[in-house]
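A.B. asks: Using the sequences and the hints given, assemble the complete structure.
Taken in order, these protein sequences are the chains called A and B. Residue 1 is where the first sequence starts when you use this note's numbering, and the numbers rise one by one after that. Residue 1 is where the second sequence starts when you use this note's numbering, and the numbers rise one by one after that.
Think of the hints as simulated: they come from the structure by calculation, not from any bench. Just to be clear, a hint being listed does not mean it is correct.
Just so you know, same-sequence chains aren't split out, so a pair can sit in one copy or run between any two.
To be verified - In silico lysine to aspartate or glutamate, EDC-like type, Cα no more than 16 Å apart, as pairs:
#1 LYS57 - ASP121
#2 LYS275 - GLU244
#3 LYS28 - GLU152
Chain by chain, the residues run as shown.
2 protein chains.
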Amino acid sequence: MDVMTEIDRQRRPGPRIEEVARLAGVSKSTVSRVINDEPYVSARARDAVHTAITHLKYSPNQAARSLAGSKANAIALIVSEQSGRVLGDPFFAGMLRGVHAELTGRQIQLLLMLSQPEGHDDLLTYLASGHADGALLVSLHGDDPLPHRLQEIGLPVVVAGRPLGAGSVPFVDSDNFTGGLDAVRHLVSLGRTRIATVSGPRDMAAGLDRLSGWRRGLGEARLPADLVAEADFTPESGARAMTELLDRAPDVDAVFVAADIIALGVLQVLHARGKRVPEDVAVVGFDDSLLASTATPPLTTVRQDVEQLGRTMTWRLLGELAGEDGLPPSLLLPTSLVRRASA
Amino acid sequence: MDVMTEIDRQRRPGPRIEEVARLAGVSKSTVSRVINDEPYVSARARDAVHTAITHLKYSPNQAARSLAGSKANAIALIVSEQSGRVLGDPFFAGMLRGVHAELTGRQIQLLLMLSQPEGHDDLLTYLASGHADGALLVSLHGDDPLPHRLQEIGLPVVVAGRPLGAGSVPFVDSDNFTGGLDAVRHLVSLGRTRIATVSGPRDMAAGLDRLSGWRRGLGEARLPADLVAEADFTPESGARAMTELLDRAPDVDAVFVAADIIALGVLQVLHARGKRVPEDVAVVGFDDSLLASTATPPLTTVRQDVEQLGRTMTWRLLGELAGEDGLPPSLLLPTSLVRRASA
DNA sequence: TCGTGCCATGAACGCGCTCTCACGGCCCTA
DNA sequence: TAGGGCCGTGAGAGCGCGTTCATGGCACGA
Numbered sequence: 001m002d003v004m005t006e007i008d009r010q011r012r013p014g015p016r017i018e019e020v021a022r023l024a025g026v027s028k029s030t031v032s033r034v035i036n037d038e039p040y041v042s043a044r045a046r047d048a049v050h051t052a053i054t055h056l057k058y059s060p061n062q063a064a065r066s067l068a069g070s071k072a073n074a075i076a077l078i079v080s081e082q083s084g085r086v087l088g089d090p091f092f093a094g095m096l097r098g099v100h101a102e103l104t105g106r107q108i109q110l111l112l113m114l115s116q117p118e119g120h121d122d123l124l125t126y127l128a129s130g131h132a133d134g135a136l137l138v139s140l141h142g143d144d145p146l147p148h149r150l151q152e153i154g155l156p157v158v159v160a161g162r163p164l165g166a167g168s169v170p171f172v173d174s175d176n177f178t179g180g181l182d183a184v185r186h187l188v189s190l191g192r193t194r195i196a197t198v199s200g201p202r203d204m205a206a207g208l209d210r211l212s213g214w215r216r217g218l219g220e221a222r223l224p225a226d227l228v229a230e231a232d233f234t235p236e237s238g239a240r241a242m243t244e245l246l247d248r249a250p251d252v253d254a255v256f257v258a259a260d261i262i263a264l265g266v267l268q269v270l271h272a273r274g275k276r277v278p279e280d281v282a283v284v285g286f287d288d289s290l291l292a293s294t295a296t297p298p299l300t301t302v303r304q305d306v307e308q309l310g311r312t313m314t315w316r317l318l319g320e321l322a323g324e325d326g327l328p329p330s331l332l333l334p335t336s337l338v339r340r341a342s343a
Numbered sequence: 001m002d003v004m005t006e007i008d009r010q011r012r013p014g015p016r017i018e019e020v021a022r023l024a025g026v027s028k029s030t031v032s033r034v035i036n037d038e039p040y041v042s043a044r045a046r047d048a049v050h051t052a053i054t055h056l057k058y059s060p061n062q063a064a065r066s067l068a069g070s071k072a073n074a075i076a077l078i079v080s081e082q083s084g085r086v087l088g089d090p091f092f093a094g095m096l097r098g099v100h101a102e103l104t105g106r107q108i109q110l111l112l113m114l115s116q117p118e119g120h121d122d123l124l125t126y127l128a129s130g131h132a133d134g135a136l137l138v139s140l141h142g143d144d145p146l147p148h149r150l151q152e153i154g155l156p157v158v159v160a161g162r163p164l165g166a167g168s169v170p171f172v173d174s175d176n177f178t179g180g181l182d183a184v185r186h187l188v189s190l191g192r193t194r195i196a197t198v199s200g201p202r203d204m205a206a207g208l209d210r211l212s213g214w215r216r217g218l219g220e221a222r223l224p225a226d227l228v229a230e231a232d233f234t235p236e237s238g239a240r241a242m243t244e245l246l247d248r249a250p251d252v253d254a255v256f257v258a259a260d261i262i263a264l265g266v267l268q269v270l271h272a273r274g275k276r277v278p279e280d281v282a283v284v285g286f287d288d289s290l291l292a293s294t295a296t297p298p299l300t301t302v303r304q305d306v307e308q309l310g311r312t313m314t315w316r317l318l319g320e321l322a323g324e325d326g327l328p329p330s331l332l333l334p335t336s337l338v339r340r341a342s343a
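C.D. replies: Encoded structure:
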């Protein structure tokens, strides 16, 4: 008795490919072929293997597969930023859902890696030695050097959101420009003429592109595009920006805000200054997050489908890993205007 | 030339342990010992190996390590729920940060796995065959069978939030009971006497425990504990619950809400019904999420340190993996009241 | 001086799988 | 009837490590 507990240098349990082969009456090679869905296996053998697998509850050892096959069977989801701020973002959550949805069924693991800039080197050598077959990258800053560096070490990468730096890394993004444009067109159609914007940060493409859309919209309507205030993705910065705008142009009658979360601060200031929304100032947000529908008043906003974004990124990455060609280098996903009470 | 591109059956690049050994002038065994921080290595050898490693940018192949060492060097973070709703939750984000913080430095990967109930079986066989050394579990429902089933297959598990089912699975949770109690004590100290609660769902310990704390607080003050309305973690359900409470008891002068996100809906209804906060009705939330500080009025709330929760879970799991004993089966983390304008 | 430990090291086996290679059976064509 | 493909299959090498096991050097006490 004591001997058992003593010795017990436990190797993980569960059947090996060998036993599956024996039960199915074939060789390891054939089992391997079935598992990897290769051709040149008779239907009879295939069935026998499948029943043996379900019978034994066999699950191939990933480590061995990786070692023998020289691929990791995993992709990394890298979140590059200072403090994990992205994580709480509904944007990230939706994306994650999309990524996961696209991954289920395939035998591919998701490695979650957070990386501060000072840790980039470690991350790179780690990934360079083949621990993941590809990477999805979510970065807080558009000019993050990480995407390029990952590409340099030969790792297939797809970035969430258009990167700003030089070079061309495949990315998937919402069509922020058109989203901004549509928002302004809507405001114009409402008869507004003093249309401001609270833009996103200038070091992110999402901020810049939505701003460009706003500019274009005003250009189309022959309205001045002079009322710009910048914010980051916090209500506080939105409040500051709106205060500034009201001081500069008390006659402002509409504002396109680059994110719902920023719009929260904007609404607060508007309310505090006695401006009615939408009667005095119409507000259009961006994202269509949960915040939009629960804001007072409920926010008219530009909807982006972040889950679809995650799916698309994953699809693009897996396509590259499968060696498909004719893959689009990058993709823009459509946005749509969701009308609620604020504009 | 053509031959090169033809053949090129690429095995991942990077140095092998062999080359490190050669450069350091020792054997593979010694390099392995240094990497795994084992005793019985001379300082001279240790230094030589370390310099060789940094020089070559060597990173050991995880697959090979797992295969030879029969452990995965990875832990799974399992999110068990219907639709990925947890992901967007700041709770989850904070926890993730904590987990990651506790993991950095150690050579342990984080496998992110989402699982719907119907996928539990696959997940279990996958994990049963040794793909992770342990698991952290975040579950939407307290009576999820997954924790027990993971334990049955012999995988060390730590659950986020007290599970409700039978059996004893190690968990880490905030002290929800005391949090609720403190909230009520605060309301009582404000002179409130008709103190209601919008509770969380009854199938989660967080909901039940906060409710118990509320009950205890009212008992202490010899006040009736009759005003309970249930909500799930959405503003809409909070609005419904508050409406119900106001109909039942128009004289209600305080309400303890089991989550900030629910409180959003509560505040909306209060506002709509012409009740001033906190003058007519004081409101205390729970979580101290971003929502609390940006609500109107800013929410007095019970703060729970979710990042610490993530760290603690990871610490507990790694301790078990390291074979430490004397580990506490479960842990409760303190909460604290954050006073703002709403109460 | 010779043993008896303890420390430091290297050789070699094997983890569980994929992949290459070789082989044999079948159908088709000459 | 003989030859050439193509399909289906199995044997076996080896992926890059961890981990015994054996060995040798050195300090100590006898």
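A.B. asks: Would you mind marking each hint as holding or not holding in the structure?
C.D. replies: Status of the hints after comparison with the structure:
no., hint, result
1, LYS57 - ASP121, "between (40 Å within a copy, 10 Å between copies)"
2, LYS275 - GLU244, "within (15 Å within a copy, 32 Å between copies)"
3, LYS28 - GLU152, "neither (38 Å within a copy, 30 Å between copies)"
When the structure is compared with the earlier hints, a violation turns up for hint 3 alone.
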